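> Below are the chains, spelled out letter by letter.
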Amino acid sequence: MVATVETIEAVEQATGAYKYGFVTDIETEKSPKGLSEDVIRFISGKKMEPEWMLTWRLKAYRYWLKMTPPDWAKLNVPPIDYDNIYYYAAPKSAEAPKSLDEVDPELLRTYEKLGIPLNEQKMLAGVAVDAVFDSVSVATTFREELAKAGVIFCPISEAIREYPDLVRKYMGSVVPVSDNYFSALNSAVFTDGSFVYIPKGVRCPMELSTYFRINEKNTGQFERTLIIAEDSSYVSYLEGCTAPQRDENQLHAAVVELVAQTDAEIKYSTVQNWYPGDETGKGGIYNFVTKRGACRGDRSKISWTQVETGSAITWKYPSCVLKGKDSVGEFYSVAVTNGAQQADTGTKMIHLGEGSRSTIISKGISAGRSNNTYRGLVEMNKAAENSRNFTQCDSLLVGDTCGAHTVPYMVSRNPSAKIEHEATTSRISEDQLFYCLQRGLDEEEAVSLIVNGFCKEVMNELPMEFAVEAQKLIGISLEGSVG
Amino acid sequence: MSLLEIKNLHARIGDTGILHGIDLTIGRGEVHAIMGPNGSGKSTLSYVLSGRDGYEVTEGDILLDGESVLEMEADERARAGMFLAFQYPVELPGVGGMAFLRAAVNARKRDAGKDEVDQLEFVKMVRAEAKNLGIKDDMLKRPVNVGFSGGEKKRYEILQMALLKPSMAILDETDSGLDVDALKIVSEGVNLLRSVERGMLVITHYQRLLNHIVPDQVHILAGGRIVKSGDKTLALEVEENGYSGLGDAA
Chain S
-4 MVATVETIEA VEQATGAYKY GFVTDIETEK SPKGLSEDVI RFISGKKMEP
46 EWMLTWRLKA YRYWLKMTPP DWAKLNVPPI DYDNIYYYAA PKSAEAPKSL
96 DEVDPELLRT YEKLGIPLNE QKMLAGVAVD AVFDSVSVAT TFREELAKAG
146 VIFCPISEAI REYPDLVRKY MGSVVPVSDN YFSALNSAVF TDGSFVYIPK
196 GVRCPMELST YFRINEKNTG QFERTLIIAE DSSYVSYLEG CTAPQRDENQ
246 LHAAVVELVA QTDAEIKYST VQNWYPGDET GKGGIYNFVT KRGACRGDRS
296 KISWTQVETG SAITWKYPSC VLKGKDSVGE FYSVAVTNGA QQADTGTKMI
346 HLGEGSRSTI ISKGISAGRS NNTYRGLVEM NKAAENSRNF TQCDSLLVGD
396 TCGAHTVPYM VSRNPSAKIE HEATTSRISE DQLFYCLQRG LDEEEAVSLI
446 VNGFCKEVMN ELPMEFAVEA QKLIGISLEG SVG
Chain G
2 MSLLEIKNLH ARIGDTGILH GIDLTIGRGE VHAIMGPNGS GKSTLSYVLS
52 GRDGYEVTEG DILLDGESVL EMEADERARA GMFLAFQYPV ELPGVGGMAF
102 LRAAVNARKR DAGKDEVDQL EFVKMVRAEA KNLGIKDDML KRPVNVGFSG
152 GEKKRYEILQ MALLKPSMAI LDETDSGLDV DALKIVSEGV NLLRSVERGM
202 LVITHYQRLL NHIVPDQVHI LAGGRIVKSG DKTLALEVEE NGYSGLGDAA
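Order-wise, the sequence lines are chains S and G. Numbering follows my numbering, in which position 466 of the first sequence is assigned residue number 461; successive positions increment by one, without gaps. Position in the second sequence (first residue = 1) + 1 = my numbering.
The set of hints was computed from the structure by calculation and includes no laboratory data. Remember, it's a predicted structure, so these values are computed and weren't measured experimentally. Glycine is no exception: its CB is placed at the ideal position from the N, C-alpha and C atoms. Check the hints yourself; a few may be wrong.
Stated by the list, open to error - Which stretches of chain G does chain S cover? Using the computed rule of at least three CB atoms under 8 Å from a CB of chain S, they are:
id, region
1, 71 to 82
2, 100 to 106
What the hints assert, rightly or not - Some chain G residues flagged as far from chain S (calculated, every beta-carbon gap over 10 Å):
id, residue
3, Gly30
4, Leu64
5, Arg109
6, Lys125
7, Ala129
8, Lys137
9, Gly152
10, Glu153
11, Gly178
12, Gly243
Said to hold, decoys possible - Between beta-carbon pairs, the in silico distance windows are:
id, chain 1, residue 1, chain 2, residue 2, range
13, G, Gly151, S, Ala144, 23 to 33 Å
14, S, Ser424, G, Tyr207, 23 to 33 Å
15, S, Glu452, G, Asp138, 21 to 31 Å
Same shape as in the complex, but just chain S (with noise of 0.2 Å):
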């Protein structure tokens, strides 16, 4: 527990504005500035890769060369110059360190900053981390604790060296390279995320989590994770983002991909916290994130669970494959966008096997002037017999200058499939609000344990250790949008 108590104690010391705005004053290297093949085959060489994933990567940057942004979300983005970022960035010191002693003591202060401490002498929550610093994994924690249960969690430009023929076997086989836009981008130049590799009848011993942090200046982070969940086996993994106020925009485009085998099950909880900008909409990441799992054995199981509070745009839609018979796909998502924010997310349930069946429960919060769209396919197959999906998607205004929209798409192929979707939008009430008020709570604990309570459903749905700091992210999330 002593990783949340720091975190809610970090936060709690904090007032007001964003609490993870500081810069880490660290030597780095990184790649010259711009997109190239020369700084793909820069990235691949410093990451030590074999030659396949060379080839792949520059076969993705080509079909991106002629690939358009897409236009089709409810977000007003500006062109982004994707000659002005670095595309690779790394602590001078934390070449593949060996032990935690290795790792530049810089480095996990910062993450200490940040509520995470990887001191593996502190970490008794049972949780384990991998750290990642703008390109690179700085830490690992519980590896060998993992490794005595057969379970592999490492950072993936580990496992592109030490596991290739589970690497090459899975990579881009849920996300393909040509997907869209940014997977393609992401292909081309991804640089650290993890690899989680769950052998068959293994329930992993403990929550796996990743940390990912931006921290030098006009650097875009690229990660890739991929879960794989052999059959009869279980993990929950949890990853957390910050990074530095910074006036000028940057790029965050991940790829993750999960695959559950046969009777298999994954859980996927996202606290997305990255800088939002300010008040004027100045700075900020662009959060264009991939994420797919595929259920492909029967009965197996990939829940979503999103918190996003942070980022000036999102653009992210994790989705389920559900090609197993009676494969569950779930997604419970919570976003928070306050000030300028602007978020597009949901998700894509796409049916493919016989009596699979998906739950979504979305739940929007708008305030200040950000807009905030819900957006969902459904999608029913041929073969989707007697498949079921339920939706709900609630919407919360706060304030009376911010949007919330609803767009779900649904599709049935199959005359058996049964699709529901329920959808409310309402707005804090000033009876609500007075009425905390009046108990002797202040406008801004009234209006974060409302919400709060608005989310309720979905916050259930995160790993307990993680549930009691995403409330407070919540409640910090809103400061200032009312009164």
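Given the structure of chain S, go ahead and fit chain G onto it with the hints provided.
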């Protein structure tokens, strides 16, 4: 020093004047009742006292323990000891009852520079108080006021009063929507909270509540003014003759 002093209070909502010079003093240990016809300003008075947004005091003053509360926000007044039992308690979907009650109690403790309440002890305390009011454990686990019956909501208000121990409690039409049995339970709960330390202002349209919560003084509010004050027999008089029996003043 009196607990609550209302001096020549004028208040309006938007451009509409509702209260036109109310004077009322309540001492510790006293229970005052305010009766009045619909539209006389009863609910407005409760909101003005508790500091609801949109209710503007244009003249006069409200003193709690000798201090003016006019510059205080609603939450500050609440923490200073002003409590309002709502006529229509508000639903807070998803907000757990225990968490809400604890947040309210802790807000007051923090203000007083005291330690926050221990979670386990708090649960025990709530259960004990709830029992007095015939509130079942199951109701404490539900979100605040969601799916409660009218009677349950009113009992829940009194439970909050018992936990927050306000110095000044205002009960706004606590009897509305209650059947005879529920009225009895709620009134008993209120009577248990009568104390030499606490003042109460019971706002009601009907006399029947005052059979159960017997006031020290009764005031008749009409047209935004107190038109008549007396002891508990005044309430019976109103019951008999109606508000119109009070002559021109009403």
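> Closest CB-CB distance from Lys125(G) to chain S, is it above 10 Å?
Since the minimum Cβ distance to chain S is about 20 Å, Lys125(G) lies beyond 10 Å and the statement holds.
> Just want to verify: Gly243(G) was marked as not at the interface with chain S; is every Cβ pair farther apart than 10 Å?
Non-interface label on Gly243(G) holds, nearest chain S Cβ at 32 Å vs cutoff 10 Å.
> Counting residues of the region 100 to 106 of chain G whose CB is closer than 8 Å to a CB in chain S, do you get three or more?
As far as the region 100 to 106 of chain G goes, the hint holds, because 4 residues have Cβ atoms under 8 Å from chain S.
> Would you assess whether Gly152(G), listed as outside the interface, keeps its beta-carbon beyond 10 Å of every beta-carbon in chain S?
holds, 18 Å
> For Glu153(G), which was marked as not at the interface, is the minimum beta-carbon distance to chain S over 10 Å?
Holds, because the least Cβ-Cβ distance between Glu153(G) and chain S comes to about 16 Å, which exceeds 10 Å.
> Okay, Gly151(G) versus Ala144(S) on CB: inside 23 to 33 Å?
Between Gly151(G) and Ala144(S), where Cβ atoms are some 56 Å apart, the hint is violated.
> Just double-check Arg109(G) for me: nearest Cβ-Cβ distance to chain S has to come out over 10 Å.
violated, 5 Å
> For Glu452(S) and Asp138(G), compare the CB-CB distance with the range 21 to 31 Å and indicate the outcome.
About 22 Å separates the Cβ atoms of Glu452(S) and Asp138(G), which means 21 to 31 Å holds.
> Examine each Cβ of chain S, and state whether all of them lie more than 10 Å from the Cβ of Lys137(G).
holds, 21 Å
> Count residues of the region 71 to 82 of chain G with a Cβ under 8 Å from any Cβ of chain S, then say if the count reaches three.
holds (count 5)
> For Leu64(G), is the shortest beta carbon distance to chain S beyond 10 Å?
holds, 19 Å
> Confirm or reject the statement that Ala129(G) sits farther than 10 Å, beta carbon to beta carbon, from all of chain S.
Holds, because the least Cβ-Cβ distance between Ala129(G) and chain S comes to about 20 Å, which exceeds 10 Å.
Comparing the model with each numbered hint stated earlier shows that hints 5 and 13 do not hold.
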